[in-house]
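Protein chains: 2
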Amino acid sequence: MLLMMCHAYTQIVYHDAARFPLLGKATEATGTRYERFPDSLKNISRAPLWNLSRNSAGMAIRFRSNSTKIAAKWETLGNNHMNHMTDVGVKGLDLYCLQKDGKWRFVNSGRPTGKTTQATIIANMQPEEREYMLYLPLYDGLVSLSIGVDSLSTITQPAVESPVRTKPVVFYGTSILQGGCANRPGMAHTNIISRRLNRECINLGFSGNALLDLEVARIMAEVDAGVFVLDFVPNASVKQMQERMETFYNIIRKKHPDTPIVFIEDPIFTHSLFDQNIAREVQRKNQTLNEIFTLLKKKGEKNIYLIHSDKMLGDDGEATVDGIHFTDLGMMRYADLVCPFIQKLIKKK
Amino acid sequence: MLLMMCHAYTQIVYHDAARFPLLGKATEATGTRYERFPDSLKNISRAPLWNLSRNSAGMAIRFRSNSTKIAAKWETLGNNHMNHMTDVGVKGLDLYCLQKDGKWRFVNSGRPTGKTTQATIIANMQPEEREYMLYLPLYDGLVSLSIGVDSLSTITQPAVESPVRTKPVVFYGTSILQGGCANRPGMAHTNIISRRLNRECINLGFSGNALLDLEVARIMAEVDAGVFVLDFVPNASVKQMQERMETFYNIIRKKHPDTPIVFIEDPIFTHSLFDQNIAREVQRKNQTLNEIFTLLKKKGEKNIYLIHSDKMLGDDGEATVDGIHFTDLGMMRYADLVCPFIQKLIKKK
Numbered sequence: 001m002l003l004m005m006c007h008a009y010t011q012i013v014y015h016d017a018a019r020f021p022l023l024g025k026a027t028e029a030t031g032t033r034y035e036r037f038p039d040s041l042k043n044i045s046r047a048p049l050w051n052l053s054r055n056s057a058g059m060a061i062r063f064r065s066n067s068t069k070i071a072a073k074w075e076t077l078g079n080n081h082m083n084h085m086t087d088v089g090v091k092g093l094d095l096y097c098l099q100k101d102g103k104w105r106f107v108n109s110g111r112p113t114g115k116t117t118q119a120t121i122i123a124n125m126q127p128e129e130r131e132y133m134l135y136l137p138l139y140d141g142l143v144s145l146s147i148g149v150d151s152l153s154t155i156t157q158p159a160v161e162s163p164v165r166t167k168p169v170v171f172y173g174t175s176i177l178q179g180g181c182a183n184r185p186g187m188a189h190t191n192i193i194s195r196r197l198n199r200e201c202i203n204l205g206f207s208g209n210a211l212l213d214l215e216v217a218r219i220m221a222e223v224d225a226g227v228f229v230l231d232f233v234p235n236a237s238v239k240q241m242q243e244r245m246e247t248f249y250n251i252i253r254k255k256h257p258d259t260p261i262v263f264i265e266d267p268i269f270t271h272s273l274f275d276q277n278i279a280r281e282v283q284r285k286n287q288t289l290n291e292i293f294t295l296l297k298k299k300g301e302k303n304i305y306l307i308h309s310d311k312m313l314g315d316d317g318e319a320t321v322d323g324i325h326f327t328d329l330g331m332m333r334y335a336d337l338v339c340p341f342i343q344k345l346i347k348k349k
Numbered sequence: 001m002l003l004m005m006c007h008a009y010t011q012i013v014y015h016d017a018a019r020f021p022l023l024g025k026a027t028e029a030t031g032t033r034y035e036r037f038p039d040s041l042k043n044i045s046r047a048p049l050w051n052l053s054r055n056s057a058g059m060a061i062r063f064r065s066n067s068t069k070i071a072a073k074w075e076t077l078g079n080n081h082m083n084h085m086t087d088v089g090v091k092g093l094d095l096y097c098l099q100k101d102g103k104w105r106f107v108n109s110g111r112p113t114g115k116t117t118q119a120t121i122i123a124n125m126q127p128e129e130r131e132y133m134l135y136l137p138l139y140d141g142l143v144s145l146s147i148g149v150d151s152l153s154t155i156t157q158p159a160v161e162s163p164v165r166t167k168p169v170v171f172y173g174t175s176i177l178q179g180g181c182a183n184r185p186g187m188a189h190t191n192i193i194s195r196r197l198n199r200e201c202i203n204l205g206f207s208g209n210a211l212l213d214l215e216v217a218r219i220m221a222e223v224d225a226g227v228f229v230l231d232f233v234p235n236a237s238v239k240q241m242q243e244r245m246e247t248f249y250n251i252i253r254k255k256h257p258d259t260p261i262v263f264i265e266d267p268i269f270t271h272s273l274f275d276q277n278i279a280r281e282v283q284r285k286n287q288t289l290n291e292i293f294t295l296l297k298k299k300g301e302k303n304i305y306l307i308h309s310d311k312m313l314g315d316d317g318e319a320t321v322d323g324i325h326f327t328d329l330g331m332m333r334y335a336d337l338v339c340p341f342i343q344k345l346i347k348k349k
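Protein chains in written order, with the UniProt record's numbering: chain A, 1 to 349; chain B, 1 to 349.
Because the hints were derived from the structure by calculation, they are not lab data. Keep in mind that this is a model prediction, so the values were computed, not measured. Check each hint, because a few of them may be wrong.
Unchecked claim - Listed below are several chain A residues computed to face chain B (Cβ distance under 10 Å; list not exhaustive):
| no. | residue |
| --- | --- |
| 1 | Ile122 |
| 2 | Met125 |
| 3 | Ala221 |
| 4 | Thr270 |
| 5 | Gln276 |
| 6 | Ile278 |
| 7 | Thr320 |
| 8 | Thr327 |
| 9 | Gly330 |
Said to hold, decoys possible - When the alpha-carbon atoms are kept at most 20 Å apart in a straight line, the in silico SDA-like pairs for lysine to any residue are as follows:
| no. | chain 1 | residue 1 | chain 2 | residue 2 |
| --- | --- | --- | --- | --- |
| 10 | B | Lys69 | A | Glu281 |
| 11 | A | Lys100 | B | Gln276 |
| 12 | B | Lys115 | A | Ile346 |
| 13 | B | Lys103 | A | Asp315 |
| 14 | A | Lys69 | B | Gln276 |
| 15 | A | Lys115 | B | Met82 |
| 16 | B | Lys348 | B | Asn198 |
| 17 | B | Lys348 | B | Val164 |
| 18 | A | Lys69 | B | Thr154 |
| 19 | A | Lys103 | B | Ala71 |
| 20 | A | Lys302 | A | Ile251 |
| 21 | A | Lys115 | A | Ala71 |
| 22 | A | Lys73 | B | Tyr305 |
| 23 | B | Lys69 | B | Thr154 |
| 24 | A | Lys69 | A | Tyr14 |
| 25 | A | Lys115 | A | Met82 |
| 26 | B | Lys103 | A | Asp316 |
| 27 | A | Lys167 | A | Ile346 |
| 28 | B | Lys115 | A | Asn80 |
Beta carbons are placed, not taken as given, at the ideal position from N, Cα and C, and that holds for glycine.
Given these sequences and hints, build the entire structure.
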């Protein structure tokens, strides 16, 4: 009886998430926690790019607990909202749990109610020790984050095995890569791919701003990566590709002579079947990408790969919310195409 | 040169959507246009159920046009917002086009910017005559709706073939059935199924309120349906099922002695792997549904069917935004399970 009462009246105690490993960051520079660029870029990057680097896309906290309940308290930077993406995806949290078969399983999401939210993510669990991954907001930043567990339970450091944090996959790209428009943070394709590979992925997706800014290549080059994925075509213009793509590539290549670098074509946006301007733009940009890729090959560049987009979104036209941005259906289809490709490159090494 | 200028300066002219057929309504009662219940239920239905009946879930406008651009102007009833669903799904529009192979293809969505929105849905098309379907908001109502086309183009009555509007499929259910949480209106599973069958479907999904209210059965019984689908288990309690399920069924059956009536089990909510209370509730409710279904069979009821939910959401746990409500991934998986079943019943007749 006493036990039952204890159980019923269990208090939630909050622990600063700063105590636990943060996955998905390109740099460990001081002055930042939930930001993707180091402070050193503040006066270097264009303002829109810098602002987007404050979004915590692709980051996750890992921890262990035997609590029957997992809660969270978090304050977002901008309390952002978009009309084609859920608030859960924009500024919510997303909890996964490592299963006995080594696979990650969705537990539940943390649904934001404003700039600051306190929410129970899951309750009524057996009090067993579990390993968790908590994905952070895709289109907002975090001022603070605490994880809540039963007062009588443990919350401890995770068993992040070394292969997970060795040789991460570094992705550079656009709004889609940043996670637009996943229903919840765990469904951004870099996060799906990270779970499938059981390997850290770093998301350098910048909505509307994957314009081949060279300082991003320099940040990427600092990472001891297993594979680099360059998926900038939806944002970069033909002119920008012609002017900067080879330089961007060379900055990374110079520091990583043998690491696979993968280029990805512009998706065949679903409304390109109707909008002739979009159809022409996709065709023209992909042609440019293929030309520059062929040129690199001719120059003798090794370990470069190109993923074609004709099968990226399936053939039913249903995988986007607005012709461009992927729903969870599109995110899964992208992961189905790209993940086996990356896996093969990692095994090859 | 003159032609080019004409094209560039084309004005958009708006046409009241009331001029065109509205699909997905159970009753043609006067006093309503984009509402799902007739005014006669105003003082009969419980207030929350009545209010949800003002939402235009599952409805669509059909029209033809040779415009190069399709735009829309619409005013919503409540300017509703939810943190686990996109505004596009809640209060936006969604345009599809009939292809030469007889299949419907997503064109683009109308993204809401407030209580009233004016938005271009698609532009830069070849000026060919096309047949369109414009899906209406899932979690809001409409005060007004106009469709915008080039001033020099035609907008005409659709070629809704008679099989499309004969013997519709009538669905009764919960928030999930109402379309929670599709990314855009066309991805509510009743709309996916309607496209796949090329047959009108009627969405009587009421968020949190599929409590077997008998007046809903009476509304359903008025429809000359091909199949009735009863998917209320996520909302109805065991007690409500025991008290009302047979009566609800009998109201429909009495008017439709030979029409197939399909019952659907509670989905195995993805967080039921962790939340033991949810797991027990799903198990208990599905047991009750199966018991009452078996009882109906024993009583000699014919043309009743039960769809089990064990494979409804796939096996990866990824198909919901919050453990309960389906993302587009979940909506597609539900349609993949339920649609062939309905198709077989229609063919059998």
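Consistency of the hints with the structure:
| no. | hint | verdict |
| --- | --- | --- |
| 1 | Ile122 | 5 Å, holds |
| 2 | Met125 | 5 Å, holds |
| 3 | Ala221 | 33 Å, violated |
| 4 | Thr270 | 6 Å, holds |
| 5 | Gln276 | 5 Å, holds |
| 6 | Ile278 | 7 Å, holds |
| 7 | Thr320 | 8 Å, holds |
| 8 | Thr327 | 4 Å, holds |
| 9 | Gly330 | 8 Å, holds |
| 10 | B/Lys69 with A/Glu281 | 18 Å, holds |
| 11 | A/Lys100 with B/Gln276 | 18 Å, holds |
| 12 | B/Lys115 with A/Ile346 | 50 Å, violated |
| 13 | B/Lys103 with A/Asp315 | 12 Å, holds |
| 14 | A/Lys69 with B/Gln276 | 11 Å, holds |
| 15 | A/Lys115 with B/Met82 | 15 Å, holds |
| 16 | B/Lys348 with B/Asn198 | 17 Å, holds |
| 17 | B/Lys348 with B/Val164 | 17 Å, holds |
| 18 | A/Lys69 with B/Thr154 | 59 Å, violated |
| 19 | A/Lys103 with B/Ala71 | 45 Å, violated |
| 20 | A/Lys302 with A/Ile251 | 15 Å, holds |
| 21 | A/Lys115 with A/Ala71 | 17 Å, holds |
| 22 | A/Lys73 with B/Tyr305 | 46 Å, violated |
| 23 | B/Lys69 with B/Thr154 | 11 Å, holds |
| 24 | A/Lys69 with A/Tyr14 | 12 Å, holds |
| 25 | A/Lys115 with A/Met82 | 14 Å, holds |
| 26 | B/Lys103 with A/Asp316 | 10 Å, holds |
| 27 | A/Lys167 with A/Ile346 | 9 Å, holds |
| 28 | B/Lys115 with A/Asn80 | 19 Å, holds |
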